[in-house]
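Visitor: Below, each chain spelled out in residue letters.
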Amino acid sequence: MIEVQSIDKSFAGQRVLRELGFEIPDGRITALLGANGAGKTTCLRIVTGLLRADAGRVLLGGRDVAADPLAARRQLGVVGDREGLYERLTVEEYLTLFARMQGLAGAALRQSLDAVREELELGELWKRRTRGFSQGERMKVSLARALVHRPQHLILDEPTRGLDVLAARLLRRTLLRLRAEGTTILFSSHVMSEVAELSDCVLVMADGRIVGNGSPAELMENTGSDNLEDSFVALAYGSAARSECIEGTPA
Amino acid sequence: MVRIRRLLWGLALCLGSALASPAIAQQAPAGERCYLDGWGDALRCYRVPVSQSVGQSGHFPDGLAVMVAPAVNDGGREPLYLLAGGPGQAASELAPLLNAFRKVNRERAIVMVDRRGAGRSGAFRCGFERDMPADLEQFSRQLADCYLQRADFAESLSSRQTVADLERVRRYLGHGRIALWGGSWGTRTALLYQQWHPQSLSALVLDAVAPIDSKVFLAASAAEEALRELERDCVADPECARLGDWKGDLNRLLQGWSEQQARTFPDPLTGAPAAEPVKRWVLANAVRAALYDPGAAAQLPYAVRQASRGNYLPLSGLTGLFINNADSMAMGLTFSVACAESLNRISAEEVARDSADTFLGTAFFDLFHSGCEAWPVSAKPYGAPEPRDHPVLLISGSADPITPPVYAERRLDYLPNRQHLIVAGGGHINSRRGCIPGLIARFLNTPAEPLDKTCVAGIERPPFMVDAYGPALGGKAGAEPAAEEVASD
Amino acid sequence: MMGLGNFSTRRMAALLRKEMLETWRDRRALWMAVCFSLLFPVMIAGSTTFFVKKHAEETTRLALLGAERAPLLEQRLRSDTLKVDALEQGEPRALLAGDYDVVLQLGEDFAGDYRNFRTPQLYLYVDSSSTATGRAERHLQERLGKLQQLVVGQRLVARGVAPQLLAPWKLEVRDVSTPSGRGAMLLAMVPGLLILTLFVASLATSVDTSAGERERLSLETLLLQPMPAWQVIAAKTLAVASMGWLGSLLAIAAMVALMPAMPLAELGIQQATTTAGVITMGLLLLPLALLVAVVQILLALRSQSFKDAQTQLSILQLAPVTVLMALDMSRVELDHPLWQLVPLVGQQQWLKSLLVGDPVSLPLVLAGSAASLLLVAMAVALGARALRRESLLGAL
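Residue numbers (my numbering), protein chains in the order written: chain A, 15 to 265; chain B, 10 to 498; chain C, 2 to 397.
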């Protein structure tokens, strides 16, 4: 469960988030939609604890991210930008080190590594340094790193950007499996078809606020559109609508 | 974590030992910082305790004075010990030699040991500080008094004791084999050390060698030969040649030297007539002394020529060149060793043969002979030298008036590994001249290899004084005489 | 600072291992460190050797105009270092422009004036803009001085005067320096260069691990691990310092290894650096390496971009040398023990002493090193705070 409770955030006098609040339930895949500059990245960074909110708070599994960041992070996996690999480390080294940083050791460590290798089909890449990896390969490694410690909460920032078909399929499969295991999943995206296909719930952000939420079907219905893209445009740039899928505080 | 801490502890210990080590790492005794005149860098000075032989007086509470110029970079090469002449000269007086031995000193310590009765090891001067009395009788009287006061000490001094002391110093300083440089009488000490402690010795450098069986106090023939060589070189120089038969002038001057001349001979320091009359034997010895140094010898022809014409100033000025040399000889030590080890072996016939037809005559011998009569120490003969195969470098000046090159050539056959450098026109002691210091350094580093001696030929006599203006800078040095001057002669 | 109580050795070890792997696998940074570390010892050794060789072996050439008027003069001027060519005639300027370093011209009636005690003139033509001239002039003065002394001596003797009358006293110079201390002048720049090596060797790594990681967006991932921020800074500091330290150790080793090849003995300098001294030097530099690393990381984190960080740090690496030189030039007495508590200055003083074999005070070294380490700790804390600043994460 990710609880975002009326957070405010300003940069250099400019208000980026305005009393933003929502809850992400366990065992669901939630998409965060928003135009560029809507405050998605800031929102995600506050949720992960990288940034501190000016007001309000974020709870991950009931733990305050700002007050007890280390405990919150143990239950958190983040797939940020896929550039965040270390080119001079092999996949095995990379994953081992991050698993250790998460506190894994011994048999548990080996099991976790074997598991992500299998799940994300990293066998061939395992002993290679990550320099020169394709976008898909990078995503797989990033995802493996985010999952190696089996976190309850998984946050992904535009995970499908630049992925080929196979990689995108693997990602989808993984997310669906994780959902089945009860993981709380939040991802941001631009790709409407993917959002429509993957997500159970959609949050639409505009101007630092949630302007719409609900299942993709609900959103289309509420906005009277026959596709998600139109309903997103309507929500982000036009009139607001309300849904009961997620309890939020619309404008 | 434990491992890291242990590692840190290890580093701390290491740091501690590194910081502490400069203070403790000294296997040899440290010595005191000191200086000697003629050498600007600091030396290490030691006092090496010497035990007194039973039944001998002459206290030695302070021990032997030992001065060491440490090697700039001590690579473990054997040190070089400098042995002074005399026998009354102190090794500490040799400090100026360090300037010439800089190259040697880079890798070797240079050690100077003042032998008992010399320099800083209780100089036995008998009251002769600077000026020697010109009167032989008074000289003998003063010596006799001195002897009576410290007869046991006088008797105790000998080459054997000096060699034993050197060996003691070598062990005290923790040196393994050592190399020796001996100059003049110091070569005698070095050769005896080689006889008695061959296992302690690596190589010998002997400048102006006085072989073990040589009679160096019979110096009249050698001085005469040095003067003849000077004459030959003068004749070969067109400007000097114009001074004519100055050697004949010298003989006439000495033969006819009168009381009047002795009394009016000017003092080179004050310009006034000398306080002590300059007697014939003093004058002859002054000429002999001038032959020690080629620079002084180059002024002899003109000085003698002028004296024969009644102008004694140049000759007086020449004696002024040696004024400071007298103070380094400890007379008590000189006579103890010279009388017991050399003078007693000289017979009257030998003296007559040596002095016949020489400008010096017995003027030099008489000084020692009369001194030894006042200094009745017992004879201390050495055995005949046994063969030794240490590498030996011999250096001679062809015009040395006391240890001529024939000594090195004829009396050292028992040393198969010897090399001989002869400096043409060179006087007594040539170690500082030209390329000789470099050759010494090379010899010490590779004593078994023959040296390339060609550079020795480049050492020249200083230019002759030909007139009151000094050397003939404008003359045709080494060339044929100018035509008009030959015509006018 | 986030709670020290959460410190986990295992997690820290993993982080440190990651930083070390990253650092030591960076070939470019490693090469830069190694090359610079070897560069200056080689340069010092080379220039010293060259200087001594030139000084000792180089002969200078003198053109003697009018030599036929004083053949003996010509002969006495010759030496191993001064080559004399007697020329009938020639134009001094042209000769100086040609092969000759100095030109000596004898006056018209040199020989006559000399004989008549009239002090004839010698004209020395020099080109003071040429480097060889000074040496040639020295060589000539040396020979001429000796000859003059000889002539004066003979003239005095000819008048019955002992030449010592011209020397009313004799000045004996006693040098209190030690043969190893004489190396201090030559080796004075070495501590500064060792410290500079620290800066240069760790430069690329520190930029890469901070500004570089931020630009590659991997810093964010790192900060999302359940570890306090100070550990991130500390691990990076250790990794960067390891590179800088290696550089300076390499430089020390090269310096000491090259010393026997340097003609120090010819300069009368004793090589006094001991093995223990070398080890001590290495250990002394460790706290400084940490300090340099953490300061570089902080600066790089503050900068706008990778490029900006490189520029800033390049300027920073001039700072120590400038400071140390300024202190040296202003002749500030650095003997006071308090100076040894100042980072850079303290290390410089200790290195200087150890290089010439002088002892250093253990309590002061420990105190000074502790002062440096305290600064490191403060800088790490500062860095941990900086990691929480939003501007650090770059464009939003």
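Read the hints as simulated data drawn from the structure, not as lab findings. For clarity, every value in this text was computed on a predicted model and none was experimentally measured. Errors might be hidden in some of the hints.
[Unchecked claim] Derived lysine-lysine pairs resembling DSSO-like cross-links, with alpha carbons at most 30 Å apart: (1) B/LYS112 with C/LYS308; (2) B/LYS462 with B/LYS112; (3) C/LYS147 with B/LYS462; (4) B/LYS112 with C/LYS353; (5) C/LYS353 with C/LYS308; (6) B/LYS112 with C/LYS147; (7) C/LYS54 with C/LYS308; (8) B/LYS462 with B/LYS224; (9) B/LYS112 with C/LYS84; (10) B/LYS389 with B/LYS224; (11) C/LYS171 with B/LYS112; (12) B/LYS224 with B/LYS288; (13) C/LYS353 with B/LYS462; (14) B/LYS462 with C/LYS171; (15) B/LYS389 with C/LYS54.
[Said to hold, decoys possible] The following residues of chain B were derived to be distant from chain C, with all beta-carbon distances above 10 Å: (16) ARG115; (17) PRO277; (18) LEU330; (19) LEU421.
[Claimed, not checked] Here chain B is said to cover these stretches of chain C; the calculated rule only asks that three of the stretch's residues, wherever they fall, bring their Cβ under 8 Å from a Cβ of chain B: (20) 194-201; (21) 245-259; (22) 320-327; (23) 342-348.
Idealized CB from N, CA, C, for every residue including glycine.
Visitor: So B/ARG115 supposedly isn't at the interface. Is its beta-carbon more than 10 Å from every beta-carbon in chain C?
Guide: 4 Å, violated
Visitor: Checking one constraint from the list: CA of B/LYS112 to CA of C/LYS353, max 30 Å. Satisfied?
Guide: Distance ~27 Å between B/LYS112 and C/LYS353 Cα, so the pair holds.
Visitor: Are C/LYS353 and C/LYS308 close enough, with their CA atoms no more than 30 Å apart?
Guide: With a Cα-Cα distance of about 35 Å, the restraint between C/LYS353 and C/LYS308 is violated, given a limit of 30 Å.
Visitor: Minimum C-beta separation from B/PRO277 to chain C exceeding 10 Å: can you confirm that?
Guide: Since the minimum Cβ distance to chain C is about 4 Å, B/PRO277 lies within 10 Å and the statement is violated.
Visitor: Taking a Cβ-to-Cβ distance below 8 Å as contact, does the region 194-201 of chain C have at least three residues touching chain B?
Guide: violated (count 0)
Visitor: With the threshold set at 30 Å, check whether the alpha-carbon distance from C/LYS171 to B/LYS112 stays at or below it.
Guide: Holds. C/LYS171 to B/LYS112 sits at ~25 Å (cutoff 30 Å).
Visitor: Given the hint that B/LYS462 pairs with B/LYS224, does the C-alpha gap stay at or below 30 Å?
Guide: 29 Å, holds
Visitor: Does B/LYS288 lie within 30 Å of B/LYS224 when you go C-alpha to C-alpha?
Guide: 26 Å, holds
Visitor: Is the straight-line distance between the alpha-carbon of B/LYS389 and that of C/LYS54 30 Å or less?
Guide: Since the Cα atoms of B/LYS389 and C/LYS54 sit roughly 53 Å apart, the hinted pair is violated (cutoff 30 Å).
Visitor: Apply the coverage criterion to the region 320-327 of chain C and chain B: a residue qualifies when its Cβ sits closer than 8 Å to a Cβ of the chain, and three qualifying residues are needed.
Guide: With 0 residues close enough to chain B, the hint is violated.
Visitor: Would you mind confirming whether the straight-line C-alpha gap from B/LYS462 to B/LYS112 stays at or under 30 Å?
Guide: Measuring from Cα to Cα gives roughly 18 Å; hence the hint holds.
Visitor: Between B/LYS462 and C/LYS171, is the straight-line Cα distance small enough, at 30 Å or below?
Guide: 36 Å, violated
The structure shown violates the earlier hints numbered 1, 5, 7, 13, 14, 15, 16, 17, 18, 20, 21, 22, 23.
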